[in-house]
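J.: One letter stands for each residue in the lines below.
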Amino acid sequence: MPQITVQEVIDRVAALLDAEGSEHYTFEQDYKPNINGVQDELMAVISQLLGARKFTEEGLRELNKVAVFQTNTYGEIDIDECLTQVGGTGQLPGPAHKLWTIVGVYPEFESFGSTDIITIGIPPPRSLMRGGVRFIRPLKDAKRYTQEQHAIIRRNVFLQGNQTLVNELKSYGYFIGSEKRWTALPSVGRTITIFPHTTNERTLVAVAYLKVPEQIDAITDNLEWPDSMRDLIIQMVFRRMAFKQGDGTNAYGLGSAEMGMLTRALS
Amino acid sequence: MPTYRTITDDLLITLKQHFDDREITFAQCLWWVLLAGNRLKMLHIAKRESGAFMTTFVVDTQTDPDLNNRMYVTLPWQIFDMDLDAGVDYMAYFIPGEDSHLTRIQFWRTNPAQARSQSGNSDRAPSPRNPHFYREGYRLYLLGVDADVTKIEVGLFLTLPDITDVDIDEEMPFPHELMLILQRNVLDIGRWMLAMPATKLNNTGSERNQPMLTSDPGKSVSINDPVLNPDTPTA
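Protein chains in written order, with this note's numbering: chain A, -4 to 262; chain B, 80 to 314.
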């Protein structure tokens, strides 16, 4: 899979700074914190765009993952916990993922691999990732609601996710809940609640999500952003490096203008 | 005939409601189809002498001990509430041991007051050869029928199913020629819904100072518009 290498970003930013071959800027003190800072800044900007439906998750395909999870007996997936437990039997290989946002929830889907519900050794409140099941395509999606809306839609047959309609008219909803505070089990982070849910029943649900991009640590690392973001990232790193010039010189102004143009193109 | 799913999907696409965060759900659009469909279908049945939408059932007779074991049959499905109980097209049975065809003896429709006055007239009183029925909700009470009759044949004009019962992949029993009017009815409801400025309201619904409609809801409709009057010939 083509990826943006850190070395490429450094080379092109150095070229913009006219610092090729110079030791004025170092990886540890300049490039690394600025590249990681740009990743954080991009997440903040794109989160806003996603919220305003001005940017699609397809534009972040390197960060867009889909996996199959088994709910607990309350119809919940402890998504934060599931994404950090990897490498075990039935789980995905590492490294662990940190959740950025949920892209889609599919309570009905086509898959490959055993879809038998695992109950042995799994306490009722525990959900788990089912690495042995490969998601193929969605059959029914779930609509995203707020925590308050869940109570409103439960008995309303005209809202997606109600518990009245069945068979072909059955529809689904979900909300991303806050951390469940409970003394019986340690904290598990954020939870996705899918409904309608049959009491004491565990089901398989496919979840498409965006992972938080990995922070870079070495000059040999790769950035997990798609190729289409390459020039934007380079311009943003360049702009941050230009801060060091401190006085609004041409380098800072040019970098800002370039980045602004690219951001506007995205939105 | 198209299925409920085909009709509803077409309307959702026409209303541009075929994306994931659509405002009009499939169930709601289907509900509108059922609402408009029932009205148009009833007008069609009342207007046209046809068996196209009549359905025949053979139902078991029952007795109500609280009503001196009065015999009745239960409607197997909801029927149109038409004038003079015309939702029941016919009721018939045969006398065990004498006839062998269920439609041999036809029932006459009556009501409790008429039945009481007829019971004193030997020529008109209900009898096994001159049975009557009257309707009370989901029951059709049988007058003049002997206790050994166990089955009755009924021809009914059924409503469309309720949203909790409908099989969306079944054909919708609805006249083809009225399909265009059905579409127009549903599209009008959808337009009104989409014109409601829900996004301008707070969570509490308190922000009511905005006009209720942000776009033109359409001009007033003539009473001769096919939407209101299916008898109006369309161009």
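By construction, these hints were calculated from the structure, which means they are not laboratory data. Don't take each hint at face value.
What the hints assert, rightly or not - List time: in silico DSSO-like cross-link candidates among lysine-lysine, alpha-carbon distance up to 27 Å:
| hint | chain 1 | residue 1 | chain 2 | residue 2 |
| --- | --- | --- | --- | --- |
| 1 | A | 138 | B | 126 |
| 2 | B | 95 | A | 135 |
| 3 | A | 27 | A | 60 |
| 4 | A | 93 | A | 60 |
| 5 | A | 165 | A | 138 |
| 6 | A | 165 | A | 93 |
| 7 | B | 126 | A | 165 |
| 8 | A | 206 | A | 175 |
| 9 | A | 138 | A | 27 |
Claimed, not checked - Quick look at which bits of chain A chain B covers, simulated, 3 or more residues with Cβ under 8 Å:
| hint | stretch |
| --- | --- |
| 10 | 163 to 173 |
| 11 | 185 to 195 |
Quick reminder that beta carbons are idealized off the backbone N, C-alpha and C, glycines included.
J.: Against this structure, judge whether each hint is valid.
T.: Evaluation of the provided hints:
| no. | hint | in the structure |
| --- | --- | --- |
| 1 | A:138 x B:126 | violated, 44 Å |
| 2 | B:95 x A:135 | holds, 19 Å |
| 3 | A:27 x A:60 | holds, 26 Å |
| 4 | A:93 x A:60 | holds, 11 Å |
| 5 | A:165 x A:138 | holds, 12 Å |
| 6 | A:165 x A:93 | violated, 32 Å |
| 7 | B:126 x A:165 | violated, 37 Å |
| 8 | A:206 x A:175 | holds, 22 Å |
| 9 | A:138 x A:27 | violated, 39 Å |
| 10 | 163 to 173 | holds (count 3) |
| 11 | 185 to 195 | violated (count 0) |
Hint compliance for this structure: hints 1, 6, 7, 9, 11 are broken, all remaining hints hold.
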